[in-house]
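Chemist: Sequence:
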Amino acid sequence: MYRSHGLLLLAGLAGACTGQIDDAAPWTPPPDIEFAEQSVDFACSSDVGIDAPLRRLSQSQLNNTLNDLLDELFGPEAAAVRDEVSSAAAGIPSDQRLGAAQDGQLLFFRSDQAVGSGAVEAHYAIGLALGQSLSQPERLVAMGFECATNADPADDAACLDRFVRELGDLTHRRTLADEEFAFYRTEAYDGGDVVDPIALADLVVALVVQPNFVFHVEGVGGLTPREAANRLSYHLWDTMPDAQLRADADSGRLLTDEGWSDAIDRMLADDRVYRSVRPFLLEWFRFDQLYAASEGRGADFDAIAGDLELDRSFDQAVEEEIADLFVHTLRSGGTFRDFFLTRVTTTSHPVLAAVYGVDPAPEGEVVEVPPERQSILTRVALLLSRAEVALPLINSITHPILRGVFVRRQIVCDDLPAAPGGAMDNLPIVDRTVTGSREATEVLTSAAACAGCHGRINPTGYAFEAFDAIGQYRSEERLFD
4 MYRSHGLLLL AGLAGACTGQ IDDAAPWTPP PDIEFAEQSV DFACSSDVGI DAPLRRLSQS
64 QLNNTLNDLL DELFGPEAAA VRDEVSSAAA GIPSDQRLGA AQDGQLLFFR SDQAVGSGAV
124 EAHYAIGLAL GQSLSQPERL VAMGFECATN ADPADDAACL DRFVRELGDL THRRTLADEE
184 FAFYRTEAYD GGDVVDPIAL ADLVVALVVQ PNFVFHVEGV GGLTPREAAN RLSYHLWDTM
244 PDAQLRADAD SGRLLTDEGW SDAIDRMLAD DRVYRSVRPF LLEWFRFDQL YAASEGRGAD
304 FDAIAGDLEL DRSFDQAVEE EIADLFVHTL RSGGTFRDFF LTRVTTTSHP VLAAVYGVDP
364 APEGEVVEVP PERQSILTRV ALLLSRAEVA LPLINSITHP ILRGVFVRRQ IVCDDLPAAP
424 GGAMDNLPIV DRTVTGSREA TEVLTSAAAC AGCHGRINPT GYAFEAFDAI GQYRSEERLF
484 D
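Numbering-wise, my numbering comes out as the position in the sequence shown, counting from 1, plus 3.
Since the hints were made in silico from the structure, they are not lab data. Here the structure is a predicted model, which is why all the values come from computation and not from measurement. For glycine and all other residues, C-beta sits at the position ideal for the given N, C-alpha and C. You may find that some hints are simply not true.
[To be verified] Using C-beta positions, here's what the derived DEER-type ranges look like: (1) L285 to S335: 18 to 26 angstroms; (2) V144 to L226: 33 to 41 angstroms; (3) R300 to F342: 27 to 35 angstroms.
Take the sequences, apply the hints, and build the full model.
Modeler: And the structure:
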């Protein structure tokens with residue numbers, strides 16, 4: 004079976020080391036294929052200074068990069084290869100959320116920068132799956148390398164040269180240096196000048212598992228055009244640069260004022276921008292804690308919902324509106340201030356539009372909302388309850404404390420500690436059939452020990468009491484028996 008050149012490169016980046024791969028990853032090749040065994044030593048120099056640890060591609064970045072790599076290599080045939088690689092890609096460890104979980108002050112997901120055995124084995128398995136797939140004759144033809152499948156070996160050497168350079172350009176996200184090309188062509192590929200499917204598969208493994216594919220690798224000093232293209236692409240699209248962005252970098256146009264501006268405009272106009280925007284907003288606004296309106300229950304909830312059909316499509320529209328508004332702000336040249344004070348909605352969902360008291364927005368257009376809605380904080384997605392702990396199913400009761408905590412932590416970036424132990428013990432009894440949310444909150448947080456935090460939390464939450472539990476505007480709070 005395979006012994007990958009690149010696996011040690013990946014594992015070695017965890018620290019300065021000298022090592023040899025002795026065990027293959029837990030992957031079993033098909034019974035009708037034999038793989039060449041190969042083992043290569045790599046020594047890490049101890050006198051090379053490292054300013055900062057390399058950042059590994061996040062789980063979403065790796066998946067997007069793999070998908071786009073396959074699309075670029077195979078076009079319409081990419082789906083079949085993607086199916087063959089998907090099980091291996093599923094082994095990539097999940098990203099970790101930064102912050103102190105015990106006090107709820109969670110930040111954003113990022114990949115685990117400690118390259119453990121799980122990540123190494125998963126990346127190795129991806130390389131094996133791609134190596135097996137890309138070395139098949141029909142796949143080589145689909146990639147435009149018919150020269151590797153003909154019966155005449157006279158063209159093999161030139162064909163292999165082109166294969167290494169073109170695939171290496173994609174996996175390294177830059178042009179291969181001469182010494183790199185020589186290594187992959189003469190050492191990673193051990194078939195000489197003859198196309199050998201097994202040696203070709205080994206070569207693909209080495210190209211996919213090496214650090215330039217797995218990490219964000221940059222040199223010292225100013226950014227090269229390709230490094231700038233990589234930063235821009237992973238920032239806006241969460242994936243590798245496309246052919247146009249690479250061409251702009253290689254021509255030098257990208258690093259001109261006009262070229263940089265044009266590239267940003269083109270990328271923002273592409274729906275791939277949602278790849279980075281959606282996760283950013285979902286994490287920032289803690290949609291993982293959001294109580295879905297479609298899960299509302301009880302006669303009191305039915306009373307405030309009225310004739311609104313609050314189904315899963317409504318839940319989806321609630322979240323999509325925020326992403327669409329963010330992208331609309333970017334595309335129109337707006338700022339974060341414009342996003343927070345947005346006067347429009349992008350939603351075409353009839354029920355969400357009805358909640359806002361406007362007509363659904365035509366595709367690609369926006370509709371101005373009433374004055375009370377002219378802020379991102381007054382949209383349904385930011386008014387529904389959020390909580391770290393389970394609450395009763397959403398009903399007619401608003402939660403000023405939860406709304407206040409959300410705004411203070413996620414918007415104002417206050418460092419709110421967790422509630423002290425026993426804070427929920429022996430609370431006063433509040434009859435919610437006759438007591439409004441604001442008055443009930445004052446009673447429940449009246450103890451002197453609560454004043455420090457709730458002096459900031461409560462007033463913030465009260466500011467949103469003009470909106471009911473599902474985000475509808477109201478002039479008074481209805482109480483139910």
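Chemist: Provide an ascending list of the numbers of those earlier hints which the structure does not satisfy.
Modeler: none
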